[in-house]
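Colleague: Residue numbers (my numbering), protein chains in the order written: chain A, 1171 to 1643; chain B, 1171 to 1643.
Calculated from the structure, these hints are not laboratory results. Among the hints, erroneous ones may be present.
Each pair may be met inside one copy or between any two copies, as identical chains are not told apart.
Unchecked claim - Using 30 Å as the maximum straight-line C-alpha spacing, the simulated DSSO-like pairs for lysine-lysine come out as follows:
1) K1174 <-> K1599
2) K1178 <-> K1501
3) K1233 <-> K1178
4) K1495 <-> K1548
5) K1374 <-> K1548
Number of protein chains: 2
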Amino acid sequence: MDNKEFRKQAHLLVDWIADYLDEVENYPVKSQVQPGDVFNSLPDFAPTESEEMDQIIHDFKTKVLPGITHWQSPNFFAYFPANSSYPSVLAEMLTATLGAQCMIWETSPAAAELEEKMMIWLKGITGIPSCWSGVIQDTASTATLAAILTARERCANFESNKSGPEEFKGLRVYCSTETHSSIEKAVKIAGLGSSNLVKVKVDKDFRMDFVALRQAIESDIEDGLTPACVIATLGTTSCTAIDPLSEIAKITSRYDIWLHIDAAFAGTALFLPEYRSMIEGIEHADSFVFNPHKWMFTNFDCSAYFVKDPELLIRTFEILPEYLKTSTRGKVNDYRDWGVPLGRRFRALKLWFVIRSFGVDGIRNKVAEHIRLANWLKGRVLEDNRFELLAPVTMNVVCFRVHPLGIAGIEELNRLNEKLLNQLNGTGKIYITHTKLNGCFTLRMVIAQTYVEQRHVEAAWEQIRKMADEVCA
Amino acid sequence: MDNKEFRKQAHLLVDWIADYLDEVENYPVKSQVQPGDVFNSLPDFAPTESEEMDQIIHDFKTKVLPGITHWQSPNFFAYFPANSSYPSVLAEMLTATLGAQCMIWETSPAAAELEEKMMIWLKGITGIPSCWSGVIQDTASTATLAAILTARERCANFESNKSGPEEFKGLRVYCSTETHSSIEKAVKIAGLGSSNLVKVKVDKDFRMDFVALRQAIESDIEDGLTPACVIATLGTTSCTAIDPLSEIAKITSRYDIWLHIDAAFAGTALFLPEYRSMIEGIEHADSFVFNPHKWMFTNFDCSAYFVKDPELLIRTFEILPEYLKTSTRGKVNDYRDWGVPLGRRFRALKLWFVIRSFGVDGIRNKVAEHIRLANWLKGRVLEDNRFELLAPVTMNVVCFRVHPLGIAGIEELNRLNEKLLNQLNGTGKIYITHTKLNGCFTLRMVIAQTYVEQRHVEAAWEQIRKMADEVCA
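Chain A with its partners taken away, still in its complex shape (with noise of 0.2 Å):
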């Protein structure tokens, strides 16, 4: 393929891109093929001979397309979103065609420094102590495993030569039931043993019980073993509860832990004055983590790390053999450093994109909507007698369930919201996912979609009464 003809397809493409984002609700919007449709559709070895991106492009459209969920549909309501926007995607255009490599400041200072001042206006935005220093991680995953292997470096005291299991024994992390299944993964995999995370219990509303945290603490330390990190989630997976930060950080303050904040999806929220009381505290933590990935408008991957102290990140993570010694070194961000991979893809030119494009009071004022619909949204659940809200709305997340009258048991009634849910999903109309609470099987209605508008809103909610209909019947 010639510059030539990649100039044609691109524009052929550029068309078909923004027919597609002008029709994305039309679609499906939870795919509709069976397992092994896409597989055995495709041939089993790659082709000899070059072939025409015509026949590639229609490929993708007749074979691939039909196997996608569609995540930038108006009508997604699943998990939590990876949003995207006509300012990321043509960022996206630019960091493909550079294909630069970001790992340390001399192979592409651009990068680097967009990524400094990026973090900079994260922080500006949402309030995170402008003392702090940010960095863009490709998930709350990796960023939650950079801050529990920070803590638990801390407590080896850095020796970096000789910490090892020795000095890992009985470090403790905790966090509450309700907490991402990433915690568990971490510890994991920062070898502190599964059994060393203590999983604290929840109140009625789903935050940690900050009184049950002391009393672990307390405990552990008596039976001589080590607290060594605390994670507050703002904003659950399950129904986004916050956790009482300036509660959990007092006790870690107290008894010199790493206190780590897991924002991942609502730290978005902070772009509102009226969500800042979340964060009250934060100057006693350690490590933030947000991602402008899920709820901003930015293409995955685009996770935003923020720490009180870069060098104890820098210490966990730096090893440098000769091939990437240079001459800037000391004086320049080297991300490579602040993070588990070597190599970074240039990630903040998205967000400068966005941020721009949008202005922060175009996001600001996106957010505000869509936590405006969920409120709608459950004064509709509430007002209609079959179905009940299993837990606070506090920012954008609906979850119910359907709760006919005549049906008490528990089993019945998680089979009967179950079978709803398939349902509903097998519509292709809208795309809605569950979890538990309290035992009790709990559809999860996230709007936080980049295109998401009353109308969707309200559609969704016609389908899932008119579902609940043929189910109850």
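For this one, chain A is given, so just place chain B on it according to the hints.
Modeller: Chain B in isolation, oriented as in the chain A frame:
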């Protein structure tokens, strides 16, 4: 920004992108900015109001671009390349548009199944055993971490709820002194302790000394330690030395040790039948990684990780919270359980575009041409008595230095070559980086860029000779 404006801007951008790729060799390949230049050109606060895309792209061209090192320039001979190509950029445009989150099969069936198929294609092309399973990771660093974690858990008998520091005491990992720094980083992350990484000496050609490996393992066993993992490198970072895999595999088989093969850069050479001997013995290994994002014309990130037994990998990473339970579980590949991060981009698409657009023969021919050009350069180095070769040219990396008559001291020679390197890179005409081999400051010239031709290598050599005249004068 609405759909109409996006369409307009995307078309404008396509023309800029095509022009850029056409003219990229005319840009100064290594950015000439100073620390702070880009950072200081940008405001400290995010704009409140939306800005016009014309302005944003104008700023990209005037403020960011001068700070970019042009990895897609055919004058880029530094590090290892992070290659892109026309079909890869087209695929990345689609990936960004779909914005599909590919953590599990259900979240985008086509992404999971295309990934499975592409890994089958790569096995067929490279000679990796067909009974192995593959998965795309972000980087070789992460894949190697996965290998070491699996080896660690295997030693602890996968007692996932029990294994912790107690079980990890005395686990030993082996690699050569020439192995990539990511091994050390992974050992540290896995909590095994840096002192449990044994760096085995190399022979005169920088290949792992397998007799020394056997001795180290036997001595450790005598001392009551547990050999957990050996990393064999095919294509070391400094000089692409190729560890003697079949000899190493005999040792790991005998002592039942996990054998991981790191072919991050050089794996692409397996497209050529004459390089297949590199992986003799692979059937006795356990895992293998190579990066299509280095030398296979596929945008970063795309690291292909293959394992003999995927069940062990899954048992290492699997954690199953309620909100990720699906009805297809067990029938399909849920790749989130195959690595560190939960979230995953749709990375198989670009592999599909690249392999089909080039055809296997197209990639093979390009790779063979790079190797031919490296050998051409090696000939020039050998015939100019001011220069000397510092390592065998095993494929497409040439390690050399200037060594004028009358200078014998290693310190003086190192300073001279460092000066030569800095002055060469300062011209912006070529970009090469260095390593140290036996204490000698070594210039590395990597010939692997997508668009590199004989004329670029000739011009580079001319530039090096001219600059050597100046530096040695």
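Colleague: Given a CA cutoff of 30 Å, do K1174 and K1599 count as a within-copy pair, a between-copy pair, both, or neither?
Modeller: Between. Shortest inter-copy distance 26 Å satisfies the 30 Å Cα cut-off; intra-copy 40 Å does not.
Colleague: From the Cα coordinates, with 30 Å as the cut-off, is the pair K1178 and K1501 best called within, between, both, or neither?
Modeller: Result: close neither inside a copy nor across copies, 44 Å intra and 41 Å inter.
Colleague: If the cutoff is 30 Å on CA atoms, where do K1495 and K1548 land: within, between, both or neither? Let me know, please.
Modeller: between (56 Å within a copy, 25 Å between copies)
Colleague: Measure nothing new, just compare the shortest in-copy and cross-copy C-alpha distances for K1374 and K1548 to 30 Å and report within, between, both or neither.
Modeller: Within one copy only: 18 Å inside a chain, 72 Å across chains, cut-off 30 Å.
Colleague: Between K1233 and K1178, at a C-alpha cutoff of 30 Å, which is it: within one copy, between copies, both, or neither?
Modeller: both (23 Å within a copy, 28 Å between copies)
Violation of the numbered hints given earlier is confined to hint 2; every other hint is satisfied by the structure.
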